[in-house]
Amino acid sequence: MTSEQITIGKSGAPPGARPRWLKFIRKYYIAYLFIAVPLLSMIAFLYIPMIISFWWSLNDYSGLQAARFIGLGNYIELLTHDKVFTKSLVNTTLFVLMGMGIGPTLGLLTALLLNQKARFQTLFRTAYFLPVMTSLVVVATIWVMLYNQNGLFNTILVDLGLSRVGWLSDPRYSLFSVVIASVWQGFGFETVVFLAALQSIPKEFYEAAMIDGAGAMQRFWYITLPSLRPVIVFVYIIGIIGSYQVFDQVYVMTSGGPVYSTSTIVYYLFTKFRDLRLGYASAIAYILFAILVIFSYLQMRLSRER
Amino acid sequence: MRAVSKRPRHNLRRSLIYLVLAVTSILMLVPFYWSVVTSFKLEQFVFTNPPQWWPNPLTLHNYLSVLTNIPFPRYFANSVFVALATTLGHVFFDTLAAYAFAKLTFPGRDRIFFIMLLALMVPFQVNLIPLYRIMAILHWTDSYAALIVPNLTSIFGIFLMRQFLLSIPNEMLDAARIDGCGEFGVFSRVVLPLALPGVATLVIFTFMNTWNDFLWPRIVLNSETLFTLPVGLAQLQMKNTSNQAQIMAGTVLTALPMILVFLFMQRQFIEGMTAGAVKE
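Protein sequences appear in the order of chains A and B. Per this note's numbering, the very first residue in the first sequence carries number 1; after that it's consecutive. Per this note's numbering, the very first residue in the second sequence carries number 307; after that it's consecutive.
By construction, these hints were calculated from the structure, which means they are not laboratory data. One or more of the hints may lead you astray.
Unchecked claim - Under the rule of at most 20 Å between Cα atoms (straight-line distance), these lysine to aspartate or glutamate pairs were calculated in the EDC-like manner:
{"hint": "1", "chain 1": "A", "residue 1": "87", "chain 2": "A", "residue 2": "77"}
{"hint": "2", "chain 1": "A", "residue 1": "27", "chain 2": "B", "residue 2": "480"}
{"hint": "3", "chain 1": "A", "residue 1": "117", "chain 2": "A", "residue 2": "170"}
{"hint": "4", "chain 1": "A", "residue 1": "117", "chain 2": "A", "residue 2": "60"}
{"hint": "5", "chain 1": "A", "residue 1": "27", "chain 2": "B", "residue 2": "416"}
{"hint": "6", "chain 1": "A", "residue 1": "27", "chain 2": "B", "residue 2": "485"}
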């Protein structure tokens, strides 16, 4: 005990005092220790790769030879010369528009039906929600079989006296076929979210409206919809952000074909990665990022307005 | 008079609702049913007109072939191992960090948390390619480490758990500290047990995402012995498009574990999936 105090005393500091940095560490080290792994993981696996990726996007880089700086060359080529990228961008946007047009609407309709205090509510809900739990690869594999030239859908069409449809082989229908499979997989999520939101609307609102003589349509329009607004914003933004990243279904069902009719942004990025055009693929990733940032910003604005 | 006339209309409306619910539910289940039925058919009866709604003859041949000719048991073991390891990491690291962000004060806390929230906006595709190179430099490509280590924590998990821990009263933590608990003791003896419902949500969310993950495992794995179920299934589907019955057996085996867990823990699943949507 004494020897330590003596050495400190010799240096002129008051006895018993410790350097400030040591005090700081003693007081806070445990908190920093608790966040250390997520923090380092975020820096090593997210922020550093993100910066590297941005640098690569400004380079002609294959991963094999040294990178060659070309400024905005990749971006210019993507946006002005690359027809397949433009096609992928349009396809993805169409995928988002169709999916978001159908999915949340189906979700809201089923939630409204389920909310009618229906018996077997859990049973029905399970049926809608089951595909949400299922991996997209599984879903895509099942739908490839249903869409087969001699598959169940075409068999039914033939039985009805109609002709077969090239669901995935005809470029006019392929993207829409992928949309249908994706909506089937995903809308149960929206059902469940809307149902939870519907159940949290106070009953008094409806009772008061009934006393005032409001009809069913009016109650839906003036009570249900406004109460659901924050959830609707959430569902659409999350849905748009997720749909813009569509990949698994495309990979399994069509590999982007036929004639690029189902090529999407991330699928195209994947093919460029496979072709070792790493700089070019990074630029695609950053264009996707820019699109998503716009929607994230929109969400922040819209959910703050509550 | 009115009461009398209202009744039948009410019943009609109810029956209509049930009818719509029943028909749409059955339509939702048809693709599942069709894949299960197909998996028990002989190859030549997969695409018949009229369709075979029940396998005749019923065969286990496809399952035997998937389990012996293709390393599906190995895919299954890989999926279980990776999902469990990742989930354990999340429960420990996410909750620990969430505790620090929710209940401890330290310089830079809010700034660091904000930087983490910003990172939530970055789509995985942006860091995908450099991450692959980092794995290559570490000699981790084509290994379990590449699947597990970059995914040991998640910012969303920290955010979720922080929301949960904020509701724990500080007095309980102070009481434990007075009783001589260190911060880690407070965490493991007081915070973790109180946060169990949140942990259940986190477990389900993480396990499901890892189990179903496709893009990253598809890119980072080459050896068939390391494939997870979705990667193995996608490979099976692309390799022999001729035998749909066998592919369906693989599909059923891939989907079944998740569906079984879901049926037993439905409430937690739905809470886990909708967390953040309604609660805020």
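Cross-check of the supplied hints:
no. : hint              : verdict
1   : 87(A) <-> 77(A)   : holds (14 Å)
2   : 27(A) <-> 480(B)  : holds (16 Å)
3   : 117(A) <-> 170(A) : violated (43 Å)
4   : 117(A) <-> 60(A)  : violated (61 Å)
5   : 27(A) <-> 416(B)  : holds (18 Å)
6   : 27(A) <-> 485(B)  : holds (19 Å)
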